[in-house]
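Dock chains G, Y and P against the given chain F, drawing on the hints supplied.
Protein chains in written order, with numbering that gives the first Met the number 0: chain F, 0 to 696; chain G, 0 to 99; chain Y, 0 to 519; chain P, 0 to 510.
Which stretches of chain Y does chain F cover? Using the computed rule of at least three CB atoms under 8 Å from a CB of chain F, they are: (1) 168–182; (2) 223–237; (3) 254–260; (4) 325–335.
Derived EDC-like pairs: lysine to aspartate or glutamate, alpha-carbon spacing no greater than 16 Å straight-line: (5) F:Lys29 with F:Asp111; (6) P:Lys165 with Y:Glu473; (7) P:Lys165 with Y:Glu472; (8) Y:Lys160 with G:Asp88; (9) Y:Lys404 with P:Asp112; (10) F:Lys561 with F:Glu550; (11) Y:Lys160 with Y:Glu110; (12) F:Lys29 with F:Asp109; (13) Y:Lys404 with Y:Glu477; (14) F:Lys561 with F:Glu441; (15) Y:Lys404 with Y:Glu472; (16) F:Lys397 with F:Asp485; (17) Y:Lys329 with Y:Glu397; (18) P:Lys165 with Y:Glu397; (19) Y:Lys404 with P:Glu113; (20) F:Lys29 with F:Glu110; (21) Y:Lys404 with Y:Glu473; (22) F:Lys397 with F:Asp597.
It should be emphasised that the hints constitute simulated quantities derived from the structure, not laboratory data. All C-beta atoms in this analysis are idealised placements derived from N, C-alpha and C, irrespective of residue type, glycine included.
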Amino acid sequence: MAAFTYAPAIVLLPFVSFLVALFAGDRMPKGGALAGITATGGSLLLSIWVALTVAGGETYNQFVYTWVAGVESLQLRFGLLLDPLSALMLLIVCLISFLVHIFSLGYMNDEDETGLPRYYAGLGLFTASMLGFVVANNLLMAFMFFELVGLCSYLLIGFWFREAGPPSAAKKAFLVTRFGDYFFLIGVVGIFATFGTGLFAPVTQGGEVVAESFPVLAEHAVIDGETESIAMLDTVGMSAQAWFTVLGLLVLGGVIGKSAQFPLHTWLPDAMEGPTPVSALIHAATMVAAGVYLVARMYGFYAISPTALAVIALVGGFTALFAATMGLVKQEIKQVLAYSTISQYGYMMLALGSGGYIAAVFHLTTHAVFKALLFLGAGSVIIAMHHNENMWDMGGLKERMPVTYWTFLSGSLALAGIVPFAGFWSKDEVLYEALIHGFGTEGGLGTAYLLAYAMGLLAVFFTGFYTFRMVYLTFHGNARSDTARDPVPVRWNVKGPLAVLGFLAATIGFINMKPVAELTGAHIDFLHVWLNGPDEGGWPAALNTGLHHYETLLHDVAHVTKGYPLGETPTLLASAGISLGLALAGVLAARSLYAGPDPVEHTDKLGGLKTVLMHNYYQDEYQVWLATGVTYPVARAMDKFDQGVVDGVVNGVSSVSLFGGSRIRRIQSGLVSNYAMLLTLGLVLLLAFFGVMGGWF
Amino acid sequence: MIPAETYLLLSAAVFCIGLFGILTRRNALIFLMSVELMLNAANINFVAFSLQHGNLTGQVFALFGMALAAAEVAIGIGIILVLYRNFTDVDVTKATTMRW
Amino acid sequence: MAQLPSWMGLAPALALGLASLVLLLSDSIDPDTTNTPALAGISVVGSLVALASAVGFIIGGTGVPTSEGGQGTPVLFGGQLVVDQMALFFMVIVASVTALVVLASYDYVSEHSYQAEFFALVMLSATGMTLLSAANSLATAFVALELVSLPSYALVAFLKKNRGGVEAGLKYFLIGAVSSAVLAYGISLVYAATGVLRFDGIATAISSGTIQTIVDGSVQAQSGEPAVPMSILGVGILMVIGGVAFKTAAVPFHFWAPEAYEGAPAPISGFLSSASKAAGFVLAFRVFAVAFPIGDLLATGGAINWVVAFQILAIATMFIGNFAAATQEKVKRMLAYSSVGHAGYVLIGLAAVSASGEGLSFSISAGMSHLLVYGFMNTGAFLFIALAEYWGVGRRFEDYNGLGKEAPVACAAMTVFLFSLAGLPIGGGFFSKFYLFQATLNVGAWSLAAALIINSALSLFYYSRVVKAMWIEEPTGERSIDSYPMGLYTAVVGAAIVTFLLVPGFNQVSEIAFQAAQLL
Amino acid sequence: MWVAALIAITLLGAGVVFLAPNRYAGKLAAGISAVPALISVYMYWVYLTQYGGTGNALLSPGDIAFSQQIPWISLGGLEVSYYVGLDGVSMPLLALTTILTTLALVSAWTPIDERQSQFYGLMLLMEVSLIGVFSALDFFLWFVFWEGVLIPMYLLIGVWGGPRRKYAAIKFFVYTNVASLVMFAGLFALVFATDLTSLALPAMAEAFRNASGLPTVAGINLMTLSFVMMFFGFAVKVPVFPLHTWLPDAHVEAPTPVSVMLAGVLLKMGTYALLRFNFTMLADTARQLAVPLAIVGVVSVIYGAMLALAQRDLKRIVAYSSISSMGYVILGLVAFTPHGMGGATFQMISHGLISGLMFMSVGVIYNTTHTRMVGDMSGLADRMPWTVGIFVAAAFGYMGLPLMSGFAAEYLVFLGSFDAATLGGAAPVLTALAMFGIVVVAGYLLWAMQRTLFGPFAIETDYDVGPAAFHDVAPLAVLLLLVIALGVAPDLSYDMIQHSISPVLDLGGGA
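One chain only, chain F, in its complex shape:
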């Protein structure tokens, strides 16, 4: 338990490094980088300790700080939930962040960038926010750190604020994700209002539940019909399941924004304006991962809502395919990676939606590694290329930067899903889960799964294609520019992180080789075991966050069932074979088109489709149009209305009064005879009035 006592330090250490870098960074060597490295390194060690403790079967879910005590009302508290899922995520975040910090020494310090304290402060806060999000034991705390993550992305994407592009991209990133967070916030408020708690897992003391969690309450309401205590249902006039679906979808809004799912993915490619290490951090471990992690975190809540599951699966599948097609035609190395990120998170969503909880977490893990690797590799290339990111100006870097090449290749194979690299195992499992649940589940949900599966499968081919198009254009063939012929060498601080990640990208998939496990019967699906926990008792019983529990819910409530069209093992092998085959097909297609010494553009062959793809299906255009073509004119019109009508009425009242005044004063004509006349008239009128009233006449 001692590890848990120090767990808050995992979050606080990077936060301290933020403060140190911000206020003392310019007086420190390396502009505060060392503080960040120390802090994330410390956090990494503590995370490992926590993970080991969790591996020992212990978990932790306690409140640590009372934010709002609440008088005769809800208490709002911060707490830590440390279970296998969050322990795993802590490891990922700390590791990536640590490596990114080191890499930044090469990418930022060695390039003599200004504003380093600000940079490292941003990284520190970013890491701290993400870690806070990961360990949050309730939805409110999660939301708060989720928002802080958004702030940090704004600060870091807009790091080069003296140029025009980065501030704009930063604004877009924050704004688009804020739009998603709007729904998330409604969801958070709604869940608190509905259940009176935002806990992800019940808090227990001495075996007694002292604070129930909302997924458990929801479960009781849907399965056991315990809805008396949920007053909100009467207010909204819906059935429990329908209302929970609404809430779940609202929360999903935030997920779609942060994890860059369709249609809120548009911020992510723009976010490439930030420094490349930041991109690595955002894509691999922090911001984008937050969305998917959130769904996994409160998976029990989604598992009871088939509609929400279908939406998640479809959004994920569609995004996977959609983003992959856009990645086909990009010319800049980071853009390709950006779209691949969107696509890969689509797979995770697909997995979550289709009941593949393990698959999603698995893909999250492997993706974190290989995507960080690819970005850092790209960063290395960018250093070498004097910050020219256009792949058509590269070529032939393979010989000049071997370390970068081989590690990048490792990452690319993982991304493309080539056996035995990490991405193959996880992506295969995602597709497999979608497939078997699609066949097994009755009704619309099953159809949705199959549709999502189809889209995900198709995306595998595109993934292989664009990944190796990138590899060939960047590293193979002849150098197409002077800088590519004479690239700037990179130092250990770049190569070191690449090497670590390159190794991991090749091997991390072994933690859950499900096909192998199935075939051999060996218990080597470690991740499955890790997240499943003991089948009876232990932490899954206390926290209700175990895989077994989720599968029960999926089966009992959403009726997600497995189906094997070809029998269990053949289906598994067929699925793996198809996806591998498609991935290889993509790789080969790329090779055939771009592998030569002097590759040429083939995009023109796509005709009109090229234009559409280059413009990203006009997604940006319509969203910009919504902002500047609709919202802004409406605002202008309202402003006119305000100035003209609302203020006009106010000014009108005063004008009318003053006009009345200017008329009334005309009575005073200056002629004393008129005065006498009016005086007499007044008297006569009074006389007449009272004469009639009093009956004098």
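For chains G, Y and P alone, kept in the frame of chain F given last:
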């Protein structure tokens, strides 16, 4: 004895004549005279009803009224005099520098 | 305190009258005297003695019946004059305003000839006002009223070479003459209908329905008990209302006011719009509360419900005065119109009466309180105008631009006056207006309350225009202020201090006013 | 005694500053105002540690902190007294007032360069009235202070304001005064209908609560009519759509320190009064009218935010966003839930700090660049990094960034109103609509920041654009720290607020 209504009619008539003068004449002096007529209409009432009621209050008031009328004329003439000096006219409608 | 002889009750009036006689005497000895300090000194001493004696009497309990622990009410000349609390209250107003005005006039007239006449006329008019406060009969009231009016006609036209002043004097005089003729005729009709002029006698006649007479100072029914002809009485009352309306500058007898206030020397404008108006109101309050009791009038029926008349007049006066003031170009004329508007507010004192005739003493005390506060804030405002005229600052709003930079103390005082006039709680004006408002709501007179609110809102706009000019605008032309006249400054600052002190001290004022009104 | 000391010291200080030479007036005034600020912080501490459980000043007047009562006036049977005291609602507002005044005075050192002694004197005079407004427990006393705020404000805008200051000043002055009069009339209609003998607020609250058999005017119950009139009167001050049009003009024209006070404290007078009068004294009527009132609040939120989107002037943007923020307060108040009303009150404090911070930051930029137009400048971050840094922090505070006070306030309001019984089935919908404000606010603030603060440095000006002076940035930093402190630990204020709110919620109305 002449009925009281007759006096009332007489005084009302005198009052109205005075009022008519005020409304129609522009010469300040005639204006002043018209006011005197109105005041005297009141005096008629006082004297007549003093007799009617058999007490002297009315008559006393009439005496006061005459004295005050005289004082008023004195002030009035003075003002009309300075009016003439400033506007070279005793037309009450000439002095209209202040209005609205 | 030993029982004083009853004539001592008139001490305030006597002090003022004596001062005016001394001034006249000095004038006849040395007609061309320009010994302003002496003349102004006599006037100030006279008015301060009057003020002191009036305040002393109020505190001493004069006018409060001995049964209630007071000194009793001095009744003089067979009931023609009574010195009750209300009389003393108004004597305080008149004496304070007079003191301020003569103090300010010290600087204002020092360049002019006929100074002794000026001060003598002011003091005579003030004497008339104090007498009017105590008048208990239509006869004395009429005489006192003329004593107020005649000197003031002359005062308005005091600057004989000033066309505006003369024109103002003429208009004031002509309208005044017509109005006093109307009043006299009205009095004659009341006399015709009731046979008496003393207020209590008229009240007896109305309540008993028979013509009265006075024998040896006591009111008796006339032999044969002839009935009061109600229609004649009604016309008479209406014409008395007319006479009162003139003095208080209420619609439709207000036409003289804007011109007279604008054309007259500014201290005189202040004198007329504060003291003279107060004198008109004391007559109105006394006549209508004592002589024409609304309860009896309603009970006997047929004559006139004068409350309705005052409601009409009050609303019309408020609206016409304030709306016309809103768009004026000259500060003084704006104040003149606002003075008309304030007459409308005070008329609520006679208008906020319930259908059964209740609430009169409450509303009258509200009107009295407002008049007292108004006496300071309005006089102060006009004296500030006098100061501006003294400096040769123009009359228009623009001419006041940036004055706050050169004369911050005076302008601060003016700001207090103006906001107090508008009814902001920076001066007593807020409380007195609230008191009036309370009076309207007390009897459920919604229309009066609404008119009060609307006009207060509007008045804030035009008062703040002056503040804006003084403090906010930049000075347009060259202007140099080279002297800071002692007398004017003392008067202006004094008035401002009193206006401000009436915020915490309003309680005393309202209590005395309420007591005075209840004793009627 | 404490409150009287605050008032007396500040008033005396105002007098001293009026007489001080212009050169020293600023520093003198700031020094003098630090005294009431420190005293109120001490009082706050005393309250926090000793009066933790004190109830509402209007509903449980027996045990009110720092109370003092002295008879003053008796008007026709109405007893008026000098009666002051503080509870958990007014204590934070009082502290906000005194602290913000001191900071605003410091921030005035740079921009105010003429007639300083008058400026600082008037600021202190205004502080006197503001202290009075939040501590008075007698209606008349309260109203005297309430109106007393307007006169210094009128002059402060009018004399030291921008090009259209005259129009703005008189509009502000007349508009808010008309509103006060309407409120006044509405309140007193009720006072006279209930035979009150005292104008002490607790007495009024009790009388109104027990009022029965009230007359109807034009078919409307007098209680409802009075409620509407009072709401109108206070809503102008808040301001609430469509009674807001004085605010952008006043804000834009007012000099920075005055804008700070206007947005930071003066607007809160309106919501404070709404809470005290409409929602405490007339709680039953408020519950009945909850849905229309909530709609007014929600419309204000969206309308203000949309208008802010259409502006180019930084100050105007913040001004309109204030309308938006105050809409949340209305929404929270009508909810009649612990977090709704508490959150609304907390939002008063929070918005006071954040909007003050925003206006101050804009002011610091304006002092340097002499323009506030979004299109006229870009890349200021290059030249004034600390100012811009704080500006960005403030803007995110305004957008409701967690761990800053704005988020706490808004979240609590939403939490309180989402299932408010008073709003019935409309509660979630209205709350969700109001929440959309957080998207729009991000839109216009981010847009404005991108255009002005970031990008290549460019501005057409003859002035030297460089870092701001220390005394310009220091108040910003203090405010930012307060914003973060309240965001991290809302209970520094929220606990006492809730304790004082709960008696209001316990009042009848079936809650």
